[in-house]
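Based on the sequences and whatever the hints tell you, model everything.
One line per chain: the protein sequences are A and B, in this order. When we follow my numbering, the leftmost residue of the first sequence carries the number 1, and every step to the right adds one. When we follow my numbering, the leftmost residue of the second sequence carries the number 1, and every step to the right adds one.
These are computed hints drawn from the structure, not numbers from a lab. Fair warning: this is a prediction, and the values are worked out from it, not measured in the lab. Careful: at least some of the hints might be erroneous.
Dumping the calculated EDC-like pairs for lysine to aspartate or glutamate here, alpha-carbon to alpha-carbon at most 16 Å [stated by the list, open to error]:
id, chain 1, residue 1, chain 2, residue 2
1, A, Lys-54, B, Glu-112
2, B, Lys-53, B, Glu-72
3, B, Lys-157, A, Asp-37
4, A, Lys-139, A, Asp-80
5, A, Lys-163, A, Glu-92
6, A, Lys-108, A, Glu-143
7, B, Lys-157, A, Glu-33
8, B, Lys-53, B, Glu-81
9, B, Lys-157, B, Asp-170
10, B, Lys-53, B, Glu-21
11, A, Lys-108, A, Glu-92
12, A, Lys-125, B, Glu-112
13, A, Lys-108, A, Glu-148
14, A, Lys-54, A, Asp-37
15, A, Lys-125, B, Asp-115
Below, each chain spelled out in residue letters.
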Amino acid sequence: MDEQRRAEQLQIADEQMSQLNNIDWLRQHPAAEIEGDGWVEAGNGLQPYVACLKQLSVQDMRTIKAQARVLSMLLPVLRDWMSSWELGASFEAVYIEAQTLLFQQIQKASVAQEGWFEELSLAYKQGTQEEHSSAQLRKRLAEVLTQENWQALAMVAAQDAEKRVLRHSQTQVELPTAV
Amino acid sequence: MQFPIQIETGAGAFVPGVICEMTIAHLTQIETIWRAMLQALGQPDADWNWDYKLRLSMAEPRFEAYVVEVGELAQGVMLIETQWHRSQLESANRPRLVYVEYLAAAPWNRREIEDPPDFVGTGRALMTFSRRRSADLGYEGRVGLHALPAAEGFYNKLNMPDYGADPDHDGLVYFEYGRLQR
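Here it is, written out as structure tokens:
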């Protein structure tokens, strides 16, 4: 394929991509009219996933949506907060562990936490997230994570750093040969 | 590679998101959060094995995985294969295409009675991106996939030509976009 033709095709594709970032265009072409109830799945391997979702009750779906909304409120705060921990190259490993631990805490929330999570979920749904300041959310996040969770995060950071150091013990350093 | 997009909320507002390559953090969300949400509601876990293929995209260059991300959370995922699949339609030379191995929206992005999904448009965004990736690879925007029955209407509304049930893929309907044209 010649380069000019490829460039023309890319231009068409880029125009289509830019429509996805154009609110006027998106208002004129609402995604809801195309996606309907949200079933967009393709690929034979996804049959069990879709079958599973189809069995959920309305209440189950509400539970899932509420959990996702709480995560949507808290994960950006968590990432922002963790970026001040000076974890360097281990940041990603610790963040991945932290998001999993946070989700586990959301799933097994205490009665007191449940109230807060419901509040967050509602704020996200109603678009009033800004009423909850990052500082407030950070303080509550610190309380949601248990002492065991904090230990687990410290362990991941230590193990990741150890792995990075030990990787160099296998390095074959080539010394210049004398001429 | 990151493409900024606007994603419509169920309430009709728009929030910024991105289409980007799937990272380990996204994969972990799919393997743990998406999965655990369903497990906790008593859904069988035995058949949940589709995410192993997403891991292939980290090891095999012919596979690529992309997500729509809003607020640190993967809202939809797409796995494509870029080397082995060819057009089912243009029989003369059977040009290469991007084949969508998987396209899935997150569990919470479904519409229920009086409860709209949090985000609408992840499927359309990923499909638009698949054509862009196809053009980038020199495949002129050709994309093929097998739709699950519940999603056939979505691909029809995207004006993706429908080539009927494919007996080699459990009778799933094969859809294929041809060359991009103005």
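Quick rundown of the hints versus the structure:
{"no.": "1", "hint": "A:Lys-54 with B:Glu-112", "verdict": "holds, 11 Å"}
{"no.": "2", "hint": "B:Lys-53 with B:Glu-72", "verdict": "violated, 22 Å"}
{"no.": "3", "hint": "B:Lys-157 with A:Asp-37", "verdict": "holds, 13 Å"}
{"no.": "4", "hint": "A:Lys-139 with A:Asp-80", "verdict": "holds, 13 Å"}
{"no.": "5", "hint": "A:Lys-163 with A:Glu-92", "verdict": "holds, 14 Å"}
{"no.": "6", "hint": "A:Lys-108 with A:Glu-143", "verdict": "holds, 14 Å"}
{"no.": "7", "hint": "B:Lys-157 with A:Glu-33", "verdict": "holds, 8 Å"}
{"no.": "8", "hint": "B:Lys-53 with B:Glu-81", "verdict": "holds, 11 Å"}
{"no.": "9", "hint": "B:Lys-157 with B:Asp-170", "verdict": "violated, 23 Å"}
{"no.": "10", "hint": "B:Lys-53 with B:Glu-21", "verdict": "holds, 15 Å"}
{"no.": "11", "hint": "A:Lys-108 with A:Glu-92", "verdict": "violated, 25 Å"}
{"no.": "12", "hint": "A:Lys-125 with B:Glu-112", "verdict": "holds, 15 Å"}
{"no.": "13", "hint": "A:Lys-108 with A:Glu-148", "verdict": "holds, 15 Å"}
{"no.": "14", "hint": "A:Lys-54 with A:Asp-37", "verdict": "holds, 12 Å"}
{"no.": "15", "hint": "A:Lys-125 with B:Asp-115", "verdict": "holds, 10 Å"}
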